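Chains B and C: place on chain A using the hints.
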Amino acid sequence: MGLESKLEVPYLTTTMDTVINWGRKYSMWPLPFGTACCAIEFMGVVSSRYDISRFGAELVRFSPRQADLMLVMGTVTQKMAPVLKQIYDQMPDPKWVISMGACASSGGFYDNYSVVQGIDELIPVDVYVAGCPPRPENVLGAVAKLQEKISREKAAAWR
Amino acid sequence: MEQSEIAARLIAHLGEDKVLASGEHSDQHWVTVAPGDLRSALQFMTEDADVSVDMLTDLGGVDYLDYGDDRPWRFEVAYQLSSLAKNHRFRVKVAVTDEETEVPSVWDLFGVANWMEREVFDLYGIGFTDHPNLRRILCHDDFVGYALRKDYPINKRQKLTRPIESLLTDKPEWA
Amino acid sequence: MGSDLPPIPTERLVVNIGPSHPVTHGTLRIQVELDGETITRSACEIGYLHRGFEKQAESVFYEHVIPYAERLNYMGPCHNSNAWCHAVEQLMDIEVPARGQALRVITSEMSRIIDHCVCIGTNLVDLGGLTNFWYLYNYREKIYDLFEELTGARMMVNYPRIGGVSMDIPEGWDKKLRGVMADMEGVLADVMGLVERNRIFVDRTTGVCAIDQKTALSHGMTGPCLRATGIAYDVRHAQPYWGYDTYDWEVPVRSNGDTYDRVLLRFDEMEQSRRLVLQALDGLPEGPFILDDPKITLPPKDLVYNTMEGLIRHFKLVMHGVSPDRGEVYSATEGGNGELGFYIVSDGSPKAWRVRIRPPCFANYSAFPKMVNGSMIADLVAGLGSVNVIAGELDR
Numbered sequence: 001m002g003l004e005s006k007l008e009v010p011y012l013t014t015t016m017d018t019v020i021n022w023g024r025k026y027s028m029w030p031l032p033f034g035t036a037c038c039a040i041e042f043m044g045v046v047s048s049r050y051d052i053s054r055f056g057a058e059l060v061r062f063s064p065r066q067a068d069l070m071l072v073m074g075t076v077t078q079k080m081a082p083v084l085k086q087i088y089d090q091m092p093d094p095k096w097v098i099s100m101g102a103c104a105s106s107g108g109f110y111d112n113y114s115v116v117q118g119i120d121e122l123i124p125v126d127v128y129v130a131g132c133p134p135r136p137e138n139v140l141g142a143v144a145k146l147q148e149k150i151s152r153e154k155a156a157a158w159r
Numbered sequence: 001m002e003q004s005e006i007a008a009r010l011i012a013h014l015g016e017d018k019v020l021a022s023g024e025h026s027d028q029h030w031v032t033v034a035p036g037d038l039r040s041a042l043q044f045m046t047e048d049a050d051v052s053v054d055m056l057t058d059l060g061g062v063d064y065l066d067y068g069d070d071r072p073w074r075f076e077v078a079y080q081l082s083s084l085a086k087n088h089r090f091r092v093k094v095a096v097t098d099e100e101t102e103v104p105s106v107w108d109l110f111g112v113a114n115w116m117e118r119e120v121f122d123l124y125g126i127g128f129t130d131h132p133n134l135r136r137i138l139c140h141d142d143f144v145g146y147a148l149r150k151d152y153p154i155n156k157r158q159k160l161t162r163p164i165e166s167l168l169t170d171k172p173e174w175a
Numbered sequence: 001m002g003s004d005l006p007p008i009p010t011e012r013l014v015v016n017i018g019p020s021h022p023v024t025h026g027t028l029r030i031q032v033e034l035d036g037e038t039i040t041r042s043a044c045e046i047g048y049l050h051r052g053f054e055k056q057a058e059s060v061f062y063e064h065v066i067p068y069a070e071r072l073n074y075m076g077p078c079h080n081s082n083a084w085c086h087a088v089e090q091l092m093d094i095e096v097p098a099r100g101q102a103l104r105v106i107t108s109e110m111s112r113i114i115d116h117c118v119c120i121g122t123n124l125v126d127l128g129g130l131t132n133f134w135y136l137y138n139y140r141e142k143i144y145d146l147f148e149e150l151t152g153a154r155m156m157v158n159y160p161r162i163g164g165v166s167m168d169i170p171e172g173w174d175k176k177l178r179g180v181m182a183d184m185e186g187v188l189a190d191v192m193g194l195v196e197r198n199r200i201f202v203d204r205t206t207g208v209c210a211i212d213q214k215t216a217l218s219h220g221m222t223g224p225c226l227r228a229t230g231i232a233y234d235v236r237h238a239q240p241y242w243g244y245d246t247y248d249w250e251v252p253v254r255s256n257g258d259t260y261d262r263v264l265l266r267f268d269e270m271e272q273s274r275r276l277v278l279q280a281l282d283g284l285p286e287g288p289f290i291l292d293d294p295k296i297t298l299p300p301k302d303l304v305y306n307t308m309e310g311l312i313r314h315f316k317l318v319m320h321g322v323s324p325d326r327g328e329v330y331s332a333t334e335g336g337n338g339e340l341g342f343y344i345v346s347d348g349s350p351k352a353w354r355v356r357i358r359p360p361c362f363a364n365y366s367a368f369p370k371m372v373n374g375s376m377i378a379d380l381v382a383g384l385g386s387v388n389v390i391a392g393e394l395d396r
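Residue numbers (my numbering), protein chains in the order written: chain A, 1 to 159; chain B, 1 to 175; chain C, 1 to 396.
To be clear, the hints were calculated from the coordinates, so they are not data collected in a lab. These figures come from a predicted structure and were not determined experimentally. Glycine is no exception: its CB is placed at the ideal position from the N, C-alpha and C atoms. Keep in mind that the hints are not guaranteed to be accurate.
Computed list of lysine-lysine pairs in PhoX-like fashion (alpha-carbon distance at most 20 Å, straight line) [unchecked claim]:
#	chain 1	residue 1	chain 2	residue 2
1	C	Lys295	C	Lys351
2	C	Lys316	C	Lys301
3	B	Lys150	C	Lys351
4	A	Lys85	B	Lys159
5	C	Lys316	C	Lys295
6	A	Lys149	A	Lys95
7	B	Lys86	C	Lys214
8	A	Lys95	A	Lys154
One side only, chain A facing chain B, incomplete, derived with CB under 10 Å [as the list claims (entries may be wrong)]:
#	residue
9	Lys79
10	Met80
11	Ala81
12	Pro82
13	Val83
14	Lys85
15	Asp111
16	Asn112
17	Tyr113
With the rest of the complex left out, here is chain A (with noise of 0.2 Å):
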């Protein structure tokens, strides 16, 4: 948006952002690129207990054309990169990602000829939840966070 070059008062972009990210935040919709046990504690935070609905993201989309928000849960094997970098790439801009678990963020305790140390060697990540599997606070933590970072940024960034 342009809008900072055109108009000379800046507390109307400001208030645009406030507006658009309150938007943003509250209406996550996750790809949930499941690959191991994290995944099942996903299935954990999106059933009536631990509701992520109530924090927006319900409608998972497992089209990446439809999602905003990559939740990575579970080991990511050197096979499975070329994958994972493929869906990212695919998603629209804003795009957020949660690396969720340890093997995601840092390859976990398998430190072997086949799984990648870390899916930020991949992609870049806003969030990382630690945990084996974390439990569905946690992961509902890092969606808290991750819209406090939400609601800090400058909407025009993503274009």
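Quick look at chains B and C alone, frame taken from chain A:
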């Protein structure tokens, strides 16, 4: 039927000179044969009325490099056989001398051997003759080397950097 | 006039399903060749979750393999580590005390129940029945609460040890467990009521992805997939361990080998698991829950902090591990999907020489192309969920 009896029957069928080794641990018996005798051993196990093996439960390779005993072969492929009808198990092992020795495939006797032999090939590099589709199954297709061999370092990572288009258009291995 | 027209070119379409796909429940890739809507050939590709378990197990101590083993079948984790400890105990020819065995039966059957909850729930979600997913997942959360009270962790509990289990049940836990088992009746009634005679479910699953006994045996199928074809083979019944022959239970079996039978068989198995858990609780023997052998098991903490011998025993076991004699063993138990086997070769050192896992899903899934040829993609979706392929176990 006791596993020791099964071992005795199998050795009697093959002949003492064909048996490279036999052993027992924790009440489980096994017989080791050369690759050339594998098919006749497995066929006997399935056809004999008292042994009556009906399932190949497992097929796995082992690398004995630097194991510290006097066996003259490097690899073994262990076939865990079960008879559901008679409720007993047995193990037949094939001694694979080195990387070049090939083992006859048994995929026509047991359908599951198709994938299991591919896995042994992928992780150990042991070739299986007459296998319809001997390709890697667990590691990616650009992997060089055989991961479970004792001389493959555990941390030697091999990235798959081909663009995804080439991976998606790879010819499928039709079953 | 008609014969002058060139023939209509036809081409069979190859559709790629996965490896990132909601229906594959993990990282499976299936390529199907379609003639219209019918699948003529299919190719299943695995290995997208190959985490190098077998190589890793060769580089750590026997006890350290317990958390790795747990992450094999991550739907019902505690059974895998129970099975691993059982394999090492068979290798070393040691026996777990009676209380430890009963606790293993209880935790393994609880794992089986939660495994089936997720399998049925996600299978029904693929068919469009989302309600059952919430019901079954809620029930799974209750069992998670029990695991959490017992061990501190919900999923990856790290409960068994070589020679027994790591801790005893807390005060009041058995009452809570009985309560949760009593709840199962209500949950199963709710879910079955929505599913068993539901027109849509019956039409979508009867006769779909059926397999006959001969092909199933040839492909080494075990577990619910085999029992749905009519062969009543269950490792707990055929070669009992942990006292399964002292309990009163049946091996559930159905006859058609199609998706309907596989799903309903899992309900039957949950009921049998409930019976086993209650019987194990009723007959829970007093006594130690772990072997007391200085070379194998850790001493109780008060001995570690107050006696020299306890301290040294703890130190030696933590730093040097257990060292079984040279030998090899193949140990099989009945996991949620079928016969889970461990083939261990030891060389006398504290690290295993070779660990080979016989995954039940591998054998079950190797028959999948045969099950799916001739059906439609929607049938593939229904069948794949019922086979319950868990990539952690399949690819290790």
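Go through the numbered hints given earlier and state which of them the structure violates, listing their numbers in rising order.
none
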